[in-house]
Each structure stands twice: as C-alpha cells, then as structure tokens.
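Student: Keeping their order, the protein sequence lines are chains G and S.
Numbering of the first sequence is given in my numbering, commencing with residue 1 and proceeding in unit increments.
Numbering of the second sequence is given in my numbering, commencing with residue 1 and proceeding in unit increments.
Careful, some of the hints might be misleading.
Unchecked claim - Okay, the calculated bits of chain G under chain S, using three or more residues with CB under 8 Å as the criterion:
id, segment
1, 13–20
2, 136–142
3, 184–195
4, 252–262
As the list claims (entries may be wrong) - Which chain G residues stay away from chain S? Per the calculated CB distances, all over 10 Å, these:
id, residue
5, L232
6, W241
7, L294
Hint data in this document are derived by calculation from the structure and do not stem from the laboratory.
These figures come from a predicted structure and were not determined experimentally.
Every residue, glycine too, gets a C-beta built ideally from N, C-alpha and C.
Letter by letter, the chains look like this.
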Amino acid sequence: MHPVRLGIQSITGMLAISLASFTVINSMPADPVAIAIRVWNLPATDETVAALRAEWGLDQPLLFRYCDWLTRFLTGDWGRSFRTGEPVLGEFLERLPISLSLGMAGLALAIVFAIPLGFFAAAHPKGVADRFSRTLSVFVQAVPGFWLGLVLLWVLGVQLRWIRLLAQDWTAAVLPILLIALHSVAVLARVYRRDLMETATQPYFRTALAKGLSERQALWRHGRCGALYALLAAVRSEAGWVIGSTATMEILFGLPGISQFLVQSIAARDQMVLQAYVMVIVLWMLVMNGGAYLAMRFLDPRLA
Amino acid sequence: MVRYCLLSVLAVFLVLGGFWQPYDPDAVDILARHSGMTASHLLGTDHLGRDVLSRIMAGGWRTTCVILAVGLTGFVGGTFLGTAAAVLGTWRETLILRCCEFFIMVPTLVVALTAAAIFGLSPLSAALALGLAGVGPHALLAHTLSKRVLGQPFILAAQSLGVSSFGMISRHLLPNTLPLMFAYVGNQAGLAVVAYASLAFIGLGADPSEPDWGAMVFEYRVFIFDHPMLMIWPGTTIAITVSALNWAFDDFQA
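Build out the structure end to end from the sequences listed, making use of the hints.
Tutor: Structure, rendered in structure tokens:
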C-alpha cells in the first residue's frame, strides 16, 4: 500500500468518525442550553434561551452545524467548555502532555523490555524467560492494572515505605508508566517470541546453523527483522489499550491528565470537550497506525 | 472436567448474588464499622458498616449481567455482519469489513465514554458500549470462518442441489461457524470483566453508590493506610473470576 493511499484512507476514516461522533454526541438527550443556564446562573427567560441557541447555531440543521464545527476545528477553534468556560483547545494543551507522555513512555518501555524477553524466551523454550513471559501474560490478563497499582502503593508505600505516596514531582509518574508498560510487555513479548519460533522452522535457519552459527546467533541475525515486523503490527492494536490504562492510572494516581478532565466533563455533559476528545483519540490512533506502518514498510520493502 | 467444576462453582457464586446475600449490601450499621474478618461478617465491613461479602456478591451479579450482555451484543452483531459480508461478497463485503476495521480502531474506552455520556450511567449502557466495541472483532472472525467454510466442497454440492440461500446459511454455514464463534465469546468474557471493572473504577460504570467491583476498589482506595483489606477483597475477586473464565475457555486461541 502506498503512503499516499494510507494518508487518504486515514483522512477519510477520520472524517467518517468525526461525522458519526458529532451526530451521536449532538443527539444526546441533554440540552446544552439548559445546562449552560444552570451552570452560569443565567436568567432562564425565552430571550436568553433563544440568544444562546442562536450563538451556538443550535437552530441550524445538523449537517450545517457539522460543517461549521469542522472548519472551526481545523482552524484551531475547538469551542468552549460549558463547565469551565475556557477554550477547549487550551484545556487540552494543558493536560494532553501529561497523558501523552504517560502513554508514550509506557509503550516505549514495553517495546524495549519485550524484545529481550521475547528473544530469550524463543532461544530457550521452557527456560526461565519463556516461563516468566508466559506467567506474566496470564497474570496481566487477570489482574487489572488499577488494582495492581493500588496493591503496589500499599506494599511499597505503606508497608515498606520505599516510595513516597502523594509525591508531586516526576517520581509520581514512575509507577504509572511501569504499570502501563507491564501489560504491553507481556503481549508484545509473546508476539515477538512466536515470530522468532516461526523463523526457527524455516529452511534458511537450518542453513544458518549449518554454516556454524549458534542457535542464538542465528535467531538474532535472521529472525530479528521479521519479529520486529510482527511486533510493530501488535503495537498498533496495543496503542488503543494504552489509552484505557492511561485513564485508570490518571484516576488512581491523581495525575491531572486528559482522562480525569474527561470524566468530569462527562458528568457535566460537556459536548465540546467530548467531541474534541474523540478527535484527539482518533488522531493518536492514526498517528500510531501510520508510524507503525512506515516502520514496517522500512523493514519490509516488499510492501512498497 | 476440573475446569467445568470450577466454572460451575463460579457461576453459582455469581448467580446466587443476584437474589441472596448474607446482609443487605446497602444496609448501614455505623456501630459495626471496619469490623475486620469476623464470624458474622466473613470479609468484614466497610467504613459505613456495610457487609463487604454482600457487596461483592451483589457486584458479582451485576458483573454477570454485564458479561452476558456484552457477549450477546458482540456475538449477535458480529455473527450477523461477518456472515453477511462473507455471503454477499463483492463491494458490500469490502464495505462491511472496512467499517469494522475502522470501528476497531476507536478504542473500547472511547465508545464506552460516549455511551455513558449519552445513555447515562447504568450497567446496561456500559455493557452495551463494551458489546458494541466487540462487534468489530467478532465480525472479522465470523467473516474469516465463513469464508473458510464457503470454500469447502460440500457447499458446492449443496449449491448444485439447488439449496436456497437461506437454507444454505442456516443449515450449512452457521452450524459450522457458530461453535467457534461461541468459544471466542467465552474467550472474551474475562476481558469484559476487566473492562467493566475499569469503567466502574474511573466512575463510568454505574451509579457510584451501587456495589460494583471496580467502584468498590475506587471507593475503598482511601483506606489504604488503615484498612487495606477493604480494597484487597474486590480486586482478588476480579482476579479470581477472570482467571477462572480464561482458564475455562483457553482451548480456543483466536
């Protein structure tokens, strides 16, 4: 697939999702005018209602409002939050770096740890690394990250006093990042191992052994690229999972990220924030998808 | 055999919570706050004197409803879309598959968040959202399985015998794909439990005052210094339930 085609597909997908989410979010039973009047303590007269409706274009047909919203969104006017009265873009720019760095750091850490773990698991089947990665993948599937985090806080923070609870500096982010990475490490290491094991059944692997390479050398030299390719394909789906774990981690550790803001906005039925959030998530997924795709293309020129 | 026993014990525990608990899960008994594990309160009581075991059982019933709703939504929707795509073929197949692929891209959490914002906070809306998010993968699987079955010689034989398209789907196609689809649904049940617990934990599962495993972990997290067992119990219940479900269904690797 050509990059241009990928770009066109991504943009079409983004438009489709934005239209779908705009329709769904705008057909919410809650009336934004009623919420605004209550939140801002405005007089609930007919004139106020009519003025607000006209100002937000709520008297226009849905498609017209969508086009209007899209042009504003693309030019950087993401509307105002009902709840805080601040521009949504500003609110997001304030919080997005926290969530983004949590997610990116977790994912990067997972890839860094998954490669050696998967490699040694493949080089020594039924060895320590293999058993460890297998146990880990069973473990992370059953134990939710937020609860594991809470238990760790209790053991390390309350019982052993190794970490400070309620730290306000960068150390507060260490445990969440490790927990986000933990789930992905298990998944990615298994993917990496499986692909390496497949390499070991190929005829060229036997040739490499016949040349005199040790099994480990042969796996690394001949299986590395192929396994990395499989790993990147798995990263694409793992990127969606990371959003979910980032959200629970932000709530658990009280980090002022985007998810915490979002949960509060949902309680207030803040439509502009919700819409902007969907767009940010879709953008993140598309960027991760595109990035992984470009790296895969670099690894396997046959895709070009 | 052992796994079926385990699964039935789990099912009995979960279903029992639907109509019987040792105490009323919402009954406040301020004199018996933080009683610890005693004979009358097996898992102790919380900061309002509510019986933790009763709350876990009540939460278990809600979780069961969520699992069933999630499974049913994903199973019905996915089988329908996937089989339709495989049978219809041509551009309609491409269209359905593309839509499913795009839908998979939107993370489960976002779907659930939007559903919570629109339909209000209830286990049903959370389950509906999780189920809808599962339709995409289910449809892709159903499509792959159906394609494989449609390539078999007996389909060709049935076609040359003049079997109607409805008979073809109901008599020849679905009996061959449904068992595998069903196994996949079971495979996803553990995932649904964790997803629902996560939603409840961030406050989007249901009314936070209702007993839900995730919401209980959230509610009891503040007692981490003095009464850590309060948050240990619901988390352990989640872990045991998910492990049992995964173990019972792990024959099938999608």
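Student: Please go over all the hints and tell whether each is borne out by the structure.
Tutor: Evaluation of the provided hints:
1. Counting residues of the segment 13–20 of chain G whose C-beta lies closer than 8 Å to any C-beta of chain S gives 3; at least three are required, and the coverage claim holds.
2. Restraint check on the segment 136–142 of chain G versus chain S: 3 residues with Cβ-Cβ distances below 8 Å, three needed, restraint holds.
3. Counting residues of the segment 184–195 of chain G whose C-beta sits closer than 8 Å to any C-beta of chain S gives 0, which falls short of three, so the coverage hint is violated.
4. Counting residues of the segment 252–262 of chain G whose beta carbon lies closer than 8 Å to any beta carbon of chain S gives 3, which reaches the threshold of three, so the coverage claim holds.
5. Distance check on L232 (chain G): its Cβ is at least 16 Å (rounded) from any Cβ of chain S, clearing the 10 Å threshold; non-interface status holds.
6. A beta-carbon of chain S comes within 10 Å of the beta-carbon of W241 (chain G); the shortest separation is about 7 Å.
7. With a closest Cβ-Cβ approach of about 17 Å to chain S, L294 (chain G) is found to remain outside the 10 Å limit, as its non-interface label requires.
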